[in-house]
Amino acid sequence: MASKAKVVSTEHLSNDDIGQDVRLEMFRLQVEIRDCEKRANDLFFQNLIKGTSHLSLGQEAVAAGVATAMQPGDKSFCTYRGHAHTLARGVSMEKVLGELMLRDNGLMRGKGGSMHLTSAEHGVMGSYAIIGAHLPIACGAAWRAQYLGEKDVSVCFFGDGTTNIGAFHEALNFAAVWKLPVVFICENNLYMEYTPIGEVTAVEHPAADRASAYGLERIIIDGNDADAVYRTALQAFAKARSGAGPSLIECLTYRHSGHSRADPAKYRPPGELERWLEKDPIKIYRKRLLEFGASQEQIAAIEAESKRKVDAATEVCKAAPPAPLDQLTADVYADGGWSWRN
Amino acid sequence: MAELTYRDAVTRAIAQEMERDTKVVFLGEDVAKAGGVFKATVGLYERFGGLRVRDTPISEQAILGAAMGAAMTGLRPIAEIMFSDFAAVCFDFIANEFPKLRYMTAGQLGCPLVVRTGNGGGVRFGAQHSQSIENWTMMIPGLKVVAPSSPVDVIGLMAAAVRDDNPVIFHEHKSLYAVKGEVPEGEIVDTLGTAKILRPGKDATIVALALMVPRALEAAQTLATEHGIDCEVIDVRSLVPLDTNTILSSVAKTGRLFTVEENPRLCGWGAEIASIVADEAFWDLDGPIVRITTPHIPLPAADHLEDLALPNAPRIVERISRVMNGSAR
Amino acid sequence: MSIDVLMPQLGETVAEGKIVAWLKSEGDEVREGDNLFEIETDKVTMEVQAIAAGRLGEIRVKAGDVAKVGAIVAVIGADSGTAAGKPAIESPKAAPALPPARHEPVAMRSPFEEVSTPREIYGRAKGPQGVRITPLARRLIAQNGLDVEAIAMTVSNAGRGKISQSDVRTALAAAPVAASSTLPPSGGVFQLNIIRKRTGERLQKNWQTIPHVFQAIEVDFTGVEAARTGTKEKFKAATGFSLTYLPFIARAACIALRKFPQINAQLTGDSLALASQINLGIAVDLSHNGLVVPVVRNADDLTLPGLAKAIGRQVDKARGGKLTSDDFADGTYSLSNNGAFGTTFTAPIINAPQVAILSTDAIRLRPAMVETAQGAFVAPRLTGMVGQSFDHRAFDGAYSAAFLSHLKTIIEERDWAAELA
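Residue numbers (my numbering), protein chains in the order written: chain A, 160 to 501; chain B, 1185 to 1513; chain C, 1205 to 1625.
Treat the hints with care, as some may be off.
Said to hold, decoys possible - Ranges of calculated distance between the beta carbons of each label pair, as one might list FRET restraints:
#  : chain 1 : residue 1 : chain 2 : residue 2 : range
1  : C       : Arg-1313  : A       : Ala-493   : 16 to 22 Å
2  : C       : Arg-1313  : B       : Pro-1241  : 42 to 48 Å
3  : A       : Ala-493   : C       : Ser-1480  : 31 to 37 Å
4  : C       : Arg-1402  : A       : Ala-493   : 53 to 59 Å
5  : C       : Leu-1478  : A       : Asp-485   : 40 to 46 Å
6  : A       : Gly-495   : B       : Asn-1280  : 45 to 51 Å
7  : C       : Glu-1616  : A       : Ala-471   : 33 to 39 Å
8  : C       : Ser-1529  : A       : Ala-471   : 54 to 60 Å
9  : A       : Pro-355   : B       : Gly-1310  : 41 to 47 Å
10 : C       : Ala-1544  : B       : Asn-1280  : 50 to 56 Å
The set of hints was computed from the structure by calculation and includes no laboratory data. Idealized CB from N, CA, C, for every residue including glycine.
Take these sequences, add in the hints, and give me the full structure.
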């Protein structure tokens, strides 16, 4: 029961190509992301998280599915909606919440903030606030792998809104022409910030319907089903590692909260949120686990442990000091300093 | 000692670094098989192969983004932006991505790359292919900025830039590509952040950059022989880090400062130096600081108009001699 | 336990909000997630949920009222009316002055003062007779104690409206030899310049009020020299400054002063105030035109290379006439380096309100006794006298001698090469 599954194409699904260990892991990740993001929401309303914060509530399956399919050494790049992708790669809640609360124990000591979560040791090569910027950057990381003959894959997460910016198109063309080992994953949550994506995009599927322009396969998957995400990601990674070039995957999903903490999302049509809550990825996955023979006790244990972890992390962060003042000018340059003159 | 053109010095500099370190790679538009539109990278593709010297699509954002991703994960890329005016097309990477990465990640990631670009006017290409944009890059915290004026400095400063772990913007000058200069044999490595006194003098300090350096030297010669004004000419070479010590020591000696800048007037690099000198060396000044610059206009294509716009030796002589009342110490 | 309900941060740039309506009343039981109240800003209207369960206690901001972001609008908890919870806002207090950045070898500039503005004022731009005076001319006039009226008269009579440095140098050349470095012909009168006059008055007062005692100890500099020769070229190339013996001695003094704090102190009345910082005064001779003692602050925070650079900078500033009053302030101990002309020892005058001053003289090869396992031998060693003049009211000879002995040990036995790596 415990061995990790081999990659199979979706046409020949055996009943348990994924395996319970992997499934339990994906469930754990989704639950922990959910609980941590909810806590982040609460801390924001308590004024302990300042500035802004973009939550991934409802989009946990994409983060968990892809991260589980990745190997250590693979590099991930995401947008400012990046807490989920950071947690999914093994960064502790303390470091993530600490960074959101702008404390010294945070992932970047409060220097970067919510939109720039980075953990080089986990392969989280940055969260990027300028829309589209990280797509060519991911291409560069993939070029390095190709040039040095290294086998890691660069994975690039972005939203539906990104598909209309120049850098998206440059990066896809670039990756396709150089056959780079990079996988582009679009989380289509139906809204580019406050506007429905359909109102600003010339095609129906903002990512998948552009794929053919770059000679790539049109791939659309249910982004709320971690298994589907996992299988598709594995296939794309295998293709990249074999030298066959990039993939573009559009994951259909939905965010439960507004674009950022400032947005109560009143622009949603009535009933839309409720319909998507029915398709909540964690709800789906809980059912999936039971179908594949996990017990209620196992599920409850994961959920209880997640709550414990979030509470423990919150206490640590609340007690953590802010960064010392000399951090103001630290790390502008590689020598750790900031001096521009002698 | 050999004589080398500035453009051949670019090729030699890149080759020197690529020979030394296999992590140095090079990408840009038409740089590989065609050897670059200015023929400044001829032979690199043949020598180092298509995996290390790569032609890209016309995608400035992808070029700089890819350079950054490669630099972040272990390579030391050199990226070309063909005309420096095009920096505006990929300015997000120059202003927001390269220079802020290390700071925002509290030192976890860095960006050891070089962006080399053809800067400046005098080649009749018109307003969007002729501007001097070194001041655009000087003002961004986290970058280093150099602009060599001679073939030997091209090699020394390029080597220093490639070996530096920070993002460095390397402004080559289009009008200097054909200029020849003496270059010693062997490896040449200079130091960023160092200015050079090319002509010592005691009556006034002239600070210049890139194409303006030979023009300032020519003007200094005329000022000495025809006006009795003995000028010290400093090639700034590096805008960031800035060698303020050399400039301040010079002004302490002469009491007068003039800058010769090709960028359009407002917020040109000389304004910053004038400000530092007016502050820190106030009590060394015997007269006003004067900046000699291109007017604040887009550049015309017409040759006689473009020549009028960029500071030249006669204009520099006229301005300095008029301001100093023709009297030496 | 009670929880404060805060006015939330509604938009990234919004500072306050208006409560449009309360959806629960005081005394109601609320569950986590219930809508508590509705708020409005100029950008948005939204419901705010309860983040904890409990009884809604005191409502402090009523419907229709405006409150700042972060203000407590109500309390949820067992005891209504007592806000027992800690305040949720835990931001640090207003920042104190920025400490020097530790990652730089030298504590250089503050990021809020990236240019070192001179503090001295050398007079106004408008001079007598309606002439203007350039900044450089004003400085030279002030530093040389010249008569600005006379110069203005000369310039104005010549039909010019501005005094520049050439006019000042003309006046200097014409005046009795005030600041030149040439000696007067024998039998002639040598006018003291302003710096020498002012320094002289101070030296006289210190000599007359402080009971000076001088002690010296012979120090072997062979180890220092070994480390120095290895790196002095590289150091000069990298920084422009020479690596002399002085920074080594200064570094050793900083270490020794921490063990003998009474020497780094100030005597006021009948108490000796021990200084918390070590701010070293470095005596600089201005080409026989007077002596100034600029200070290197927090010298014990600097590494050896950092100290060498800081000393070099102060010396350059002194010789360039660019010292400001800040450079002279807060010295706690001084070093007087006299070795340039080969003297054996010098008993310097203490810089009040300090209580001691170190002097060093020529460091050269002398025959010395070196003890080995095979017995004592005469060998050429680089040695020099290191002496200290101290204020006998502050402490005794034994204390000073112990300090000198400790200083000698540091200079002779420290791993200087490691400090230069």
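Each hint, compared with the structure:
Range check, C/Arg-1313 to A/Ala-493: Cβ separation about 19 Å, and the 16 to 22 Å hint holds. Checked against the hint of 42 to 48 Å, the C-beta distance between C/Arg-1313 and B/Pro-1241 comes to roughly 45 Å, which is consistent with it. As the Cβ distance of A/Ala-493 to C/Ser-1480 is approximately 34 Å, the hint placing it in 31 to 37 Å holds. Taking the beta carbon of each, C/Arg-1402 and A/Ala-493 are about 47 Å apart, not inside 53 to 59 Å as hinted.
For the hinted restraint 40 to 46 Å between C/Leu-1478 and A/Asp-485, the CB-CB distance of approximately 27 Å leaves it violated. Restraint check, A/Gly-495 to B/Asn-1280: a C-beta distance of roughly 21 Å breaks the suggested window 45 to 51 Å. Between C/Glu-1616 and A/Ala-471 the beta carbons are some 55 Å apart, a value that contradicts the proposed interval 33 to 39 Å. For the hinted restraint 54 to 60 Å between C/Ser-1529 and A/Ala-471, the CB-CB distance of approximately 56 Å keeps it satisfied.
Checked against the given bound of 41 to 47 Å, the beta carbons of A/Pro-355 and B/Gly-1310, roughly 43 Å apart, stay inside it. Between C/Ala-1544 and B/Asn-1280 the Cβ separation comes to about 55 Å, which falls inside the hinted range of 50 to 56 Å.
Violated hints for the displayed structure, listed by number in ascending order: 4, 5, 6 and 7.
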